[in-house]
Structures are given as structure tokens and as C-alpha cells.
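Top line first, the protein sequences correspond to chains S and Y.
FYI, numbering that gives the first Met the number 0 numbers position 65 of the first sequence as 64, with every residue one higher than the one before it.
FYI, numbering that gives the first Met the number 0 numbers position 27 of the second sequence as 26, with every residue one higher than the one before it.
Derived from the structure by calculation, the hints contain no laboratory data.
From a predicted model like this one, the values you see are computed outputs, not experimental measurements.
It is possible that some hints are incorrect.
What follows is a list of derived Cβ distance ranges for each label pair [unchecked claim]:
#1 Y:D14 <-> S:S52: 50 to 56 Å
#2 S:A122 <-> Y:D14: 48 to 54 Å
#3 S:R140 <-> Y:A50: 57 to 63 Å
#4 Y:L197 <-> S:A122: 32 to 38 Å
#5 Y:D2 <-> S:E168: 32 to 38 Å
#6 Y:A10 <-> S:R55: 19 to 25 Å
Using N, Cα and C, we set each Cβ at its ideal position, and we do this for glycine too.
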Amino acid sequence: MAQGNVISAPWRNPLHPFLFACSIALSPMTAPAVAEPRIRHTMQRAEWTRTDSDARRSALMAAAQTGDRVAYEKLLRDCASFIVSLARRRGVPPDRVDDVVQEALLTIHRARATYDPRRSFEAWLRTIVERRAIDVLRQVRRHGEREVHAPLAYESYADETIDLSVGIEHKDKAKRIGAALTQLPQRQREAVQHLMVDERLLADAAALTGRSKGSLKVSLHRALNALRLKMDRGD
Amino acid sequence: MDDPNDRLIDALVADLRPARPLLPPALRTLIWLMLVAAVAIGLAMFADVAAMGRRIGAIPDMWLAVLGSIATMATAAFAAFELSLPDRSRAWALLPLPAAALWVGASGLGCMRAYVLPGTHVAGFGETRDCLLFIIGLSVPLSAALIVMLRRAYSLAPPLTAAMAGLASAAAAATLLNFFHPFDAAAADLALHAVAVLIVVAAARAVGSRTLQNSFAAPVTVPPAGSN
């Protein structure tokens, strides 16, 4: 990986200004040959080397901040794979990695004004992804504590949508129809029994009873009218 | 185009507007401190500034406490602005602790004196209650202004950031209280000051963290699968 320009990264340690001031103050003015390497060593620890990929992403983000949509799309597609690898390394379950990617992409979008192009883009992105990965891991843990995987439990539960009163009402209605049938004249009752209850064809019913088809049809029509009247009256 | 990530990226790209870069945290802190200074100038017009100067300069514990509250206000506001940026360490929340320790320590020292400062008296219950109401009442607009400024950024630790904003506002209000506080340090009065500061920090944390979680940006609409 080629090395790019070197930029100091004081934000990594809030106490850096104090440490740096101390390193200058403690270096003896009388012994510059000894003091100089010490200062350089202190500065090297606080320096960070910008990689090519970071410089490229940083430039894309700087362009996106000015409203360049092409650069922004390129950056987000590039970030998506970077986020996936960071999330996997953080221990996010494979089926929740997409959640981290989407949350991180939304955060990048909302926080884009906070990115300073003089700083590392990857450090900025890494903090966002780690935060969102922790959020998802917490959700996974909470979900695991609250829910139990029991596929058979669903089948052992009663169907709450079943209305028991419907069955009782249906039985009651059948009993009333049966009682009304007994009160019909013999010929009408015979037509209902063969054509409606036993669901025979008209020709078969005519053959069994020895009556004509027309006679059976008239009897059935009259029987149904009489039954409808009785049911409406509630007899 | 059925991949949800692709659809989200398309929606985000379509939603892109130029983003004005934020000012550095130190400069943003200065802007808020200028607002506090403007309030201080306004209050000074109604206060006996000379008497306040005599009272504070009379003994070290008095001016050390004021110095501590001013330093707490500035460092807590700076920490809040640092914490409002995603890539900053949460260790910034430790920044106001030394100043707060000075503030609390110097205020507590005042209770150990065996004499009352000349030109002052020990506050009664009614006066102590007024201190509480002053701190809470003045903290509300100051913390509201600070949280509005913080919302321009995007904090990944909203409760901590909002608590820092509350601490800065409470310290500012406690500092400005000195204009109208012709009392010597008494344990009950100081305890009520501490209660007022804690109420402000807790309220800012509760209200501010929720406010900071929602940015000013309008929600992004992602089209459903198969709409393209």
C-alpha cells in the first residue's frame, strides 16, 4: 500500500495539546541534540499516515459535501463493502449485517456535514460503523432474551378466531328445520328428502318415488316456500 | 434493483444537498459563550456590580468558586461541541471535571468559615428557593440555544452530549446568579444550588438526547422493492 501525505491527528487523544506542550517544555534547551529526537518521537506517535484509499474516499466525501451526486454514489457503494467487512469483524451475525450497512449509510448521510476533509475519512466512518454495530448487537441480545425459538408451539395453540357460538347456532337451526319438515305434507316432504337432503337427480327421484318430474318440482317449490315462511316466523 | 442496500443508496443520492461544513468546536463554543456574555451584560444593568465585586474579591473561596463555575461552563460547552462530532472520543466528557471539582470544592470551603462575609447574610428559605428558580429558569433558554447549535452536528452519544450541554448551561446560570446573590455560603443554600444543577443536567439529558437523535434533515424515502 503506497503511503500518502502525513497529517497530524490530535483528536485521537483529548489530552494531546497538553502532552505536546509538556514534551516541548520538558525538552532541555541546553541539550538540543538529545531533545530533538525525543520531540520527534512524541510527534511520530501522534501522527497518522493517510493511505491512498482514505485519501480517495476523503476526496469523494469532500465533493459530496458540495452536492456532487456522482461522487456521493461512488463513495456510498464503496463504503457498503467496507462497512460489511467492519461489521463482520465486530461479530455481527450474518443475517443482521445488512441492518448495520443500512444504519451506517443513513448515519453517513445525516452526519455528512460533520466530516472535516483534513481528517481521516476511514477513522470517521469506522467510529460510525462500530457504533451502529453495537446498536444492532444490543438488539440481537435483547431479542434473544425476549423470544424463544419454538416452531411447534404455534401448532399447539388453539385458534382464537374460532367462534363456538356459530356451531351451536348452526345445530339449533338444523333442529328447527328438521321440526318444520315433519309438519309438511307427505308429498312435499318426500320431494325435499330426495332432492335436497339426499341430493338425488330429478330423474332418479322420479324413478324412486314413481312420480313425474314436474310433480316433484312443484312439490319442492311449495315445500321450500312453506319452510321459508316457518323459519321467518320462528316456528 | 431489488437489493435493499442499492435502493437505499439511490434514495440517499437523490436526497443529497450541499452540506455547509461546521465551524470548529472552539469557535462554536465561543459563539455560545458570547450569547451568555450578552445575557450577563443585560443582567448586569439590573445588579449592583460593585457590591458583587467586593463580595467575590473579599476571600479566595468566593472568587475560586466563581472561577470554577466559569471554567466548568466553558469546558462543558466545548466538550459538548466535541462530542457532537461522530469521530471524537467520549473521553471529552472528562474535560469539565477538574473545573467542576474546583467549583464544588471552593463552594464547599465557604461553609467551613466560622464568620460571615461583611455586607452579606445567610440566605433564608425563601431566598434559597429563589436561587433554585433562577438557576433552572435561566438554564432553560441557555441549554435550548446550545442544543439547537449541537443539532447542526450529529452526535453518536446523544445522552452524554446533552448532559454536557446541561452542565454548561447550569454552570452559566450559577455564575450569573452571583449578580443577585448577596448571601454568604451556607450549606443549605449550596445544597440547593447543587440540586438545581443536577435537575438541569438530568432534564437536558432526558429532553436533549431525544432532540439530538433527530437531525434537522427531512426523512429519506426509500422506494419499495420492485418499484423501479
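Starting from the hint list further up, note which numbers the structure goes against and sort them upward. Numbers 1, 2, 5 - these are the hints that the structure violates, sorted from lowest upward.
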